[in-house]
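What follows is each chain in one-letter form.
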Amino acid sequence: MVMAAEPQFHVLAVDDSLFDRKLIERLLQKASCQVTTVDSGYKALEFLGLREGVEINDPDAVSTSPVIHQEVEVNLIITDYCMPGMTGYDLLKKVKESSAFKNIPVVIMSSENVPARISRCLEEGAEEFFLKPVRLADLNRLKPHMMKTKLKNQMLEEIEKPSKVESGTAAAVVEPEVKDLTEIGIKIVPLQSEVEPKQVHLQVVQQEDQTMSNNKRKSVEEGLSTDRSRPRFEGITTAV
Amino acid sequence: MDAHVAQLQMQYRNYILSLYQQGFLDDQFTELKSLQDDGTPDFVAEVLSLFFDDCVKLVGNMARALDQTGTVDFSQVGANVHQLKGSSSSVGAKRVKGLCINFKELCEAKNYEGCVRCLQQVDIEYKTLKAKLQDMFNLEKQIVQAGGIVPQVDIN
Numbered sequence: 243m244v245m246a247a248e249p250q251f252h253v254l255a256v257d258d259s260l261f262d263r264k265l266i267e268r269l270l271q272k273a274s275c276q277v278t279t280v281d282s283g284y285k286a287l288e289f290l291g292l293r294e295g296v297e298i299n300d301p302d303a304v305s306t307s308p309v310i311h312q313e314v315e316v317n318l319i320i321t322d323y324c325m326p327g328m329t330g331y332d333l334l335k336k337v338k339e340s341s342a343f344k345n346i347p348v349v350i351m352s353s354e355n356v357p358a359r360i361s362r363c364l365e366e367g368a369e370e371f372f373l374k375p376v377r378l379a380d381l382n383r384l385k386p387h388m389m390k391t392k393l394k395n396q397m398l399e400e401i402e403k404p405s406k407v408e409s410g411t412a413a414a415v416v417e418p419e420v421k422d423l424t425e426i427g428i429k430i431v432p433l434q435s436e437v438e439p440k441q442v443h444l445q446v447v448q449q450e451d452q453t454m455s456n457n458k459r460k461s462v463e464e465g466l467s468t469d470r471s472r473p474r475f476e477g478i479t480t481a482v
Numbered sequence: 458m459d460a461h462v463a464q465l466q467m468q469y470r471n472y473i474l475s476l477y478q479q480g481f482l483d484d485q486f487t488e489l490k491s492l493q494d495d496g497t498p499d500f501v502a503e504v505l506s507l508f509f510d511d512c513v514k515l516v517g518n519m520a521r522a523l524d525q526t527g528t529v530d531f532s533q534v535g536a537n538v539h540q541l542k543g544s545s546s547s548v549g550a551k552r553v554k555g556l557c558i559n560f561k562e563l564c565e566a567k568n569y570e571g572c573v574r575c576l577q578q579v580d581i582e583y584k585t586l587k588a589k590l591q592d593m594f595n596l597e598k599q600i601v602q603a604g605g606i607v608p609q610v611d612i613n
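Protein sequence lines, in the order shown, are assigned to chains A and B.
Whatever position you read off the first sequence (first residue = 1), add 242 for the working numbering.
Whatever position you read off the second sequence (first residue = 1), add 457 for the working numbering.
The set of hints was computed from the structure by calculation and includes no laboratory data.
Which chain B residues stay away from chain A? Per the calculated CB distances, all over 12 angstroms, these:
no.	residue
1	Gln479
2	Asp524
3	Gln591
4	Asp592
5	Asn595
6	Leu596
7	Lys598
8	Val601
9	Ile606
10	Gln609
11	Asp611
Result set (EDC-like, lysine to aspartate or glutamate): computed pairs, CA atoms no more than 16 angstroms apart in a straight line:
no.	chain 1	residue 1	chain 2	residue 2
12	B	Lys598	B	Asp499
13	A	Lys272	B	Asp495
14	A	Lys264	B	Asp499
15	A	Lys264	B	Glu503
16	B	Lys561	A	Glu354
17	B	Lys514	B	Asp580
Even for Gly, the Cβ is constructed at its ideal location relative to N, Cα and C.
Using the sequences provided together with the hints, build the complete structure.
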C-alpha cells in the first residue's frame, strides 16, 4: 500500500509463470517501483477490487479487507498476454471497461511478435506492447505513463477536497508543494525526492532518445508503438 | 594471498568469456547480472534455479507427450516447447533457446523422429549449461573465500 508521502509508483504485474514473475518483479524494483505480483487475470481484478458477482468473503481472496474502489493505488498494470483462463487481452478489456480503473495504463508482454496481436492490444487501449524478455530500459520508458495517472489522481484530490489528505480513502499522495499544473511539470524532480531524484529526472529527459532505439527493437514493422507512445510523451515533456 | 586471488579472478574472467564465446550464454544473461546488486546477491542464482526446475518439468512433460503408443499430441509438445523457449530466452540460455526454435518447427511439421531427437538434445544441453554455471558459481565462491571480489566481466 502507498503510505503517506511516499512518491513511488505501484505496479501490478500479472503472469502465470513463476519464473517470469520473479524477473518482472526484480526489473520493476530496479526501476524503483513498488511491485505486487499475481498469477492470473482473476487475481489481478480481485486485487484492484473488481469482483463482479463473486463472493467477497472468499477466504482465498487476495485482499482481506472489504472491497472498496480506489483502496489500492495502482499506477500501472503490466501483464503477460498468454495466460490460461483470462488472457492479458481479456484483462486489458476488463480494466478499460471499468469506470474506476480505465485510466490505469496497461502494458502487455508477450514472447511472440504477432503484429495482429500487438495492434489488437494497442487498439483496445494498451499503452505499450513489450516483447519478452523485457529489459530495464523498457520499463524506464513507462515512467511518464505512470506519472500521468499519479498526477491525475493528485489533481482530482486537489479539485475535490483539498483537506481530504488525512482521509483513509485517499488513494493518491498529495505533496504539499504541488499547487498547480505548471508546478507539477517543473517539480517532477522534487516529487521523487525521497527516491532517486537525479535518476528519475534523467530518465524523463532521456525518454525520447531511448524510445527511438527501443522502438526499433520492440515495435512492429508498421511502427505502431512509436505512433502510440509519442503523443503521450509530449503531454508530459511540454510541461517540463 | 593476493596472487592467488588474482589468479582465480583471471580464471573466472576467462571462464565467463568462454561461455559467451561458445554460445552458451547471450546478452540477456548480462542483463540478468546487472539486475543483481548488494541488496539482492542471490538473484541470478534464484532465477537460474527456477529455470532449471522449469527444464526438468517441461522436458518431462514433452517426454510423456512423445511417449504415446498411438497418436502424439504435437500441440501439447509445442506448448511445452513454447514455454521453454520463453524461459531460456529470458535467462540468456542461448543454445537451449536455439534448440527450442528448431523444436517448434518440428512440432508444427509433426515430425515425430525429429521431435524425439530434438528433445534428447535439449535434455543434454540444459544439463550441460547447468554444470557449467555451477562451475561458475563455485569459482565465485572460491574468490570470495580467498578474500577477493568477484570481478565484473565486460563482454566486449
